[in-house]
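> Spelled out, the chains give:
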Amino acid sequence: MKLTGSEIFIECLKREGVKTLFALPGGVVLKIFDMLHQQKDIDVILTRHEQGAGHMAEGYAKATGKAGVCLVTSGPGMTNVITALADAYMDSVPVVCFSGQVPTSLIGNDAFQEADNVGLSRPCTKYNFLVKDVNDLATTIKEAFYIATTGRPGPVLVDIPKDVSMNKAEFHYPNSVAIRGYNPTYEGNRWQIKQAADAIIKAKKPVLYVGGGVVFSGAAKELVELAELTQAPVDMTLMGLGAFPGEHPLSMGMLGMHGTYWANMAVHYADLVIAVGARFDDRVTGKVSEFCPFAKIIHIDIDPTSIRKNIHVDIPIVGDCKAVLRELNQMLRATVNGDQKELRKPWWDQIHEWQRAHPLKYQQEPDGPIKPQHVIQRLYDLTRDRDPIVSTDVGQHQMWAAQYFKLTKPNRWLTSGGLGTMGFGFPAAMGAQAAFPGRLVLCIAGDGSVQMNMQEMATAVVHKLPVKIIILNNRFHGMVRQWQDLFYEGRYASSYLDTTPDFVKLAEAYGAVGLRAGKVGDLDAVLKEAIDIDKPVIVDVPTHPFENVYPMIPAGGCNHEMILEDPPELKKKMSGPAKVTPEDKDTVLTA
Amino acid sequence: MEHIISVTVENKFGVLSRVAGLFSGRGFNIESLSVAPTLDASMSQMTIVTSGDDRIIEQIVKQLNKLIDVIKVVDLNESEFVSRETALIKVHTRAEDRAEALRIADIFRANVIDSTPNTYTIEVTGDPKKIEAIINLLQPLGIKELTRTGRVAVAREPIRPAVSQPKRVARE
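For the record, the sequence lines run as chains A and B.
Here the first sequence stands for residues 1 to 591, where the numbers follow this note's numbering.
Here the second sequence stands for residues 1 to 172, where the numbers follow this note's numbering.
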């Protein structure tokens, strides 16, 4: 039987197991929406902005490990979703985005709402398609899901012209895909894995440096086994948080620019660094030429281009983290002799010394302004038993969340790492909530970031996605302000937000619940109240405006050369009033 | 260092821009690029002349391989190869220069493929040095137009003397 392109589209999505579609309609996709309206298998979540749809698809994908799917219209619909696609590309998130396109006969004519969708998205997708013939639609969709979810995952765009969605074709959904130019390597080279095993056995000061690849390949169990087998400390990247239990005695927390002192010292003084599903990003390595200068490097990654892109690698292993770690563990189990704990004792003594010397710290006065770290610490303490999914926006609050919110399992941490997209957190949390309606989903946000996709509150209310947003409200683009204090003599060029909306009233205006914790003493009660409300909630927490994130490796600095606390002139500021004074404003005016 | 990279790609629209976009997006050099279909019309062959240190060339090869429309990548510099380029040179010739132009073409085994009272169009094929050389010699006459194909290259078949050569000697 012949089906229209729109019907084929829906049949394909069903066959891929898609339950939720994040979408916003427009002229050229009306036929598809019309068909979506007449079926019940796929839940359509109407977003208020296409960027929101894209980030929701990302949040859905990160929380479930399956492809997140969104549908947008041509022209501005497409340009709006680009940020989310670029974000997904940087963080290897499997997203399949469908865009509408003007009818094939009008392509290239500068038609109304026409954009070169394939050209626009080329540098920020793993692959993209323009479907010119309805007979190719089913195969194309199959290939799109296959490419997005296999190998190193990533976003794929399928551009569907209006006439393709309306024309009819015989529907056949292919069972398998064969693309001759695309054959990801899953099994690692045995000989190389053997080399790695030998190096691990010989090492005195090994460090595991693990990233998002471990999460996506589902290798968390294998990673725990490897760490316990070798008693190696585990440094996690921002994307890797949750890949290894944060409370595990071998966990070192996050490394990199705002990583823990001991995680960075360990990687600097290690004699062997075992990188698993990580890509030696500049926020991790600092000054590349002096990154782990004493170490041999093993690099396990499914993407060959990640290897030796930024740094020389001694033992490269191309393959899926799970498959490679399984084999590596097997070899190590057969060869590891003696008590590894005893063997690693000098190394761990050193690490414990670093931990004692410079723990993560902040000072919360009982009557003073609320410290942002304290909010996260309390949120963590109050919700840890409920296995929450945590999303963040980008900035200071993100780094504090990474430092203080310890995750026990993978797929619980939704954050924008590579692209650093402000406005990511809230829609991503909604995507995760749509996938897991019964779970507790928290969005830790800043007052700057959250406003970038605030419009999605309407979507959350309508679709009953009870995400809890906790806004650390310091009235600044905090990370920008921190850099200005440290490197630009405290001139707050365009970082002070001066007026932010009353977030409590804003929540209420949308039909959500708004709460405020104005004093340290109120914090626990307000957070507890928020967690138990079965509606979207904004918790506005005014925090100290001048609190900075430490440790900090200045951009281009070495990992063992961290700034550990405020320099004297900033300490003075911290002891002053916890608000922006006219003096601060003057620096704005005179700068 | 200069490298010649031979890339077999899917012969479909948009592939060239994927390859070109990769080079521009990552800041790699392209000195020349030529594309044409292969014997199998579903594939095209690209010859890309690029330059960079070993680390960059390794990245270029890996990044090309990562492109889904790329079927095969060979860095020709890893073995022996032969390469050629063709140039079409339109030379302005006054009456007294026409013999000189023909002489130069002859020396370089170039062909005159079009002629008007005031111009010759000369076709020359060779390695880039040869093309540079003929251009230098023709320049004093006045070059009106110049177009070059960019290089194409192919790996040399390895010579395996041990098996076949002794037989031939025996027959002689």
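Calculated directly from the structure, the hints in this document are not laboratory data.
Among these hints, one or two may not hold up.
[Unchecked claim] Label pairs and their computed distance ranges (CB to CB): (1) Leu-486(A) x Ser-83(B): 49 to 55 Å; (2) Glu-290(A) x Met-1(B): 57 to 63 Å; (3) Leu-39(B) x Lys-19(A): 44 to 50 Å; (4) Asn-337(A) x Ser-17(B): 52 to 58 Å; (5) Ser-83(B) x Arg-180(A): 47 to 53 Å; (6) Ser-17(B) x Phe-112(A): 40 to 46 Å; (7) Asn-118(B) x Pro-103(A): 48 to 54 Å; (8) Asp-110(A) x Thr-147(B): 30 to 36 Å.
[Said to hold, decoys possible] Result set (DSBU-like, lysine-lysine): computed pairs, CA atoms no more than 30 Å apart in a straight line: (9) Lys-66(A) x Lys-409(A); (10) Lys-406(A) x Lys-66(A); (11) Lys-90(B) x Lys-132(A); (12) Lys-62(B) x Lys-296(A); (13) Lys-66(B) x Lys-2(A).
[Unchecked claim] Here chain B is said to cover these stretches of chain A; the calculated rule only asks that three of the stretch's residues, wherever they fall, bring their Cβ under 8 Å from a Cβ of chain B: (14) 402–410; (15) 546–558.
All C-beta atoms in this analysis are idealised placements derived from N, C-alpha and C, irrespective of residue type, glycine included.
> Hint by hint, note whether the structure agrees.
Against the structure, the hints come out as follows:
1. Leu-486(A) x Ser-83(B): 49 to 55 Å: The hinted range 49 to 55 Å holds for Leu-486(A) and Ser-83(B), with Cβ atoms some 53 Å apart.
2. Glu-290(A) x Met-1(B): 57 to 63 Å: 27 Å, violated
3. Leu-39(B) x Lys-19(A): 44 to 50 Å: 47 Å, holds
4. Asn-337(A) x Ser-17(B): 52 to 58 Å: 56 Å, holds
5. Ser-83(B) x Arg-180(A): 47 to 53 Å: 27 Å, violated
6. Ser-17(B) x Phe-112(A): 40 to 46 Å: Given range 40 to 46 Å: violated, Cβ gap about 25 Å.
7. Asn-118(B) x Pro-103(A): 48 to 54 Å: 51 Å, holds
8. Asp-110(A) x Thr-147(B): 30 to 36 Å: 31 Å, holds
9. Lys-66(A) x Lys-409(A): Holds. Lys-66(A) to Lys-409(A) sits at ~17 Å (cutoff 30 Å).
10. Lys-406(A) x Lys-66(A): Answer holds: Lys-406(A) to Lys-66(A) is near 24 Å, not above 30 Å.
11. Lys-90(B) x Lys-132(A): 42 Å, violated
12. Lys-62(B) x Lys-296(A): 23 Å, holds
13. Lys-66(B) x Lys-2(A): Roughly 37 Å between the alpha carbons, so the hint for Lys-66(B) and Lys-2(A) is violated.
14. 402–410: Not satisfied, violated; 0 residues make the cut.
15. 546–558: Per the Cβ count (0), the hint is violated.
The structure is inconsistent with the numbered hints 2, 5, 6, 11, 13, 14 and 15, although it conforms to all the rest.
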